[in-house]
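So the protein sequences, as listed, match chains H and C. Last residue of the first sequence: number 203 in our numbering, and the count goes up by one each step with no gaps. Last residue of the second sequence: number 82 in our numbering, and the count goes up by one each step with no gaps.
FYI, nobody ran anything at the bench for these hints, they're computed from the structure. A portion of the hints provided could be inaccurate.
Said to hold, decoys possible - Cβ-Cβ distance ranges computed for the label pairs, FRET-style: (1) C:Ile14 x H:Lys193: 31 to 37 Å; (2) C:Glu62 x H:Asn190: 33 to 39 Å; (3) H:Thr21 x C:Gln5: 52 to 58 Å; (4) H:Pro171 x C:Lys74: 39 to 45 Å; (5) C:Gly16 x H:Asp20: 36 to 42 Å; (6) H:Pro171 x C:Arg20: 52 to 58 Å; (7) C:Lys31 x H:Ser11: 35 to 41 Å; (8) H:Lys131 x C:Asp12: 56 to 62 Å; (9) C:Glu62 x H:Lys135: 32 to 38 Å; (10) C:Met77 x H:Lys193: 37 to 43 Å; (11) H:Leu126 x C:His35: 42 to 48 Å.
To be verified - Reference listing, derived: stretches of chain H covered by chain C, where coverage requires no fewer than 3 residues with Cβ under 8 Å from a Cβ of chain C: (12) 29 to 36; (13) 48 to 55.
Glycine included, every Cβ here is placed at the ideal spot set by N, Cα and C.
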Amino acid sequence: MIKDNTIADTSLVERIKQGDTRAMEMIVERYSNKVYNLAYHLTRDSTAAEEIMQDVFLTVLSKIHTLNNNAYFSTWLYRVTTNAAYAHMRYLRKDKKNLEDLRIKDLGEDTSQIYDWSSLPEDILLSDESKQILKDAIDSLPEPMRIVVVMKDVEGLKNEEIAKTLGLSLPAVKSRLHRGRLLLRERLSNYFKKYATPRPGGG
Amino acid sequence: MKCSQCIELFDDYIDGLLTRDTIEKIQAHLKECSHCRVIFRTYSLTIRLSRRGETFRTLSAERLRSLKETITSKLRMQNKDI
């Protein structure tokens with residue numbers, strides 16, 4: 001899990017600003033996976049994500065001098081990525097229109113069929129099939145929730161970072177995250193409930 | 001505390017953002033309400049499963065390496081022009 005973080009982003013960014021190609025390569029090494037994943041989850045298109053990833057780093061190099069505070073590099077990078085993905089999808093307007101239409105009041109309040117799958121063994125929880133279910137569930141989240149869930153729970157960004165990147169208020173980020181997680185939880189519950197009544201041997 | 005109020009606070013509870021008073025209320029509710037307890041456990045586990053990066057690794061290591069090389073060579077060319 002721990003990546004090579006021996007050189008801080010801030011000093012790499014400073015070196016890039018001075019034209020140091022090696023520092024740029026280290027930034028590519030450090031962030032390419034994150035940039036790709038973010039682009040992929042936004043576009044749900046692996047070819048687009050690859051293109052976006054390349055564009056993002058070229059943009060980084062050409063625009064890095066506009067970054068005022070080097071400490072905000074990662075936030076800035078995610079914003080560049082998000083913008084590139086949105087531009088690619090031409091999604092932005094449509095999504096913004098839908099943002100306030102999210103009415104998911106009853107999530108988690110359905111008292112029927114409540115099954116505690118948290119105690120299932122790891123080989124079930126982490127099976128290829130359940131991973132695929134979770135991945136599909138994330139992919140099918142409504143756009144505003146998906147991006148926040150991906151940034152926070154998959155990529156490990158902080159709420160504040162997400163808010164800045166997406167130009168959202170902190171409560172808006174939290175609300176989308178929470179609702180997105182509840183939706184995912186529900187999807188997983190539907191999937192895992194087949195394990196609810198194990199009957200070895202049967203009969 | 002109602003079930004819906006309790007569930008609404010799960011994210012802040014997990015992130016450790018609540019006052020002691022609210023934490024105690026949530027814990028008391030979870031103790032007596034098996035429904036919310038299950039939701040809480042599975043909600044927490046949903047987050048943990050999402051955090052397992054390999055679930056979402058859609059790019060092969062080989063493809064990633066080749067993309068990095070492409071990017072790096074493009075960057076080198078671009079850097080010369082700046």
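Requested in this report: Count residues of the region 48 to 55 of chain H with a Cβ under 8 Å from any Cβ of chain C, then say if the count reaches three.
Outcome: The restraint on the region 48 to 55 of chain H holds, since 4 of its residues have a Cβ under 8 Å from chain C and three suffice.
Lys131 of chain H paired with Asp12 of chain C, Cβ distance criterion 56 to 62 Å:
violated, 28 Å
query: Falls inside 35 to 41 Å, the C-beta gap from Lys31 of chain C to Ser11 of chain H?
result: violated, 50 Å
Checklist entry - Measuring from beta carbon to beta carbon, are Glu62 of chain C and Asn190 of chain H in 33 to 39 Å? => result holds, 35 Å
### Message
Given the hint of 39 to 45 Å, is the C-beta distance from Pro171 of chain H to Lys74 of chain C inside that range or not?
### Response
For Pro171 of chain H and Lys74 of chain C the Cβ distance comes to about 40 Å; the hint holds.
State, for the Cβ atoms of Gly16 of chain C and Asp20 of chain H, whether the hinted interval 36 to 42 Å holds or is violated.
Since Gly16 of chain C and Asp20 of chain H have Cβ atoms about 39 Å apart, the given range 36 to 42 Å holds.
Legend entry - CB-CB spacing for Arg20 of chain C and Pro171 of chain H relative to the 52 to 58 Å hint: violated, 22 Å
Holds or violated: 52 to 58 Å for the Cβ distance of Thr21 of chain H and Gln5 of chain C?
holds, 55 Å
*Given a hinted range of 42 to 48 Å, is it respected by the beta-carbon distance of Leu126 of chain H and His35 of chain C?*
violated, 26 Å
query: Quick one: are Met77 of chain C and Lys193 of chain H within 37 to 43 Å, going by C-beta?
result: About 55 Å separates the Cβ atoms of Met77 of chain C and Lys193 of chain H, which means 37 to 43 Å is violated.
* Count the residues of the region 29 to 36 of chain H with a beta-carbon closer than 8 Å to any beta-carbon of chain C: does the count reach three? -> Contact hint for the region 29 to 36 of chain H vs chain C: holds, 4 residues under 8 Å.
**Prompt:** Does the hinted range 32 to 38 Å hold for Glu62 of chain C and Lys135 of chain H at CB?
**Reply:** The hinted range 32 to 38 Å is violated for Glu62 of chain C and Lys135 of chain H, with Cβ atoms some 20 Å apart.
Hints 1, 6, 7, 8, 9, 10 and 11 from the earlier list are contradicted by this structure; the remaining hints agree with it.
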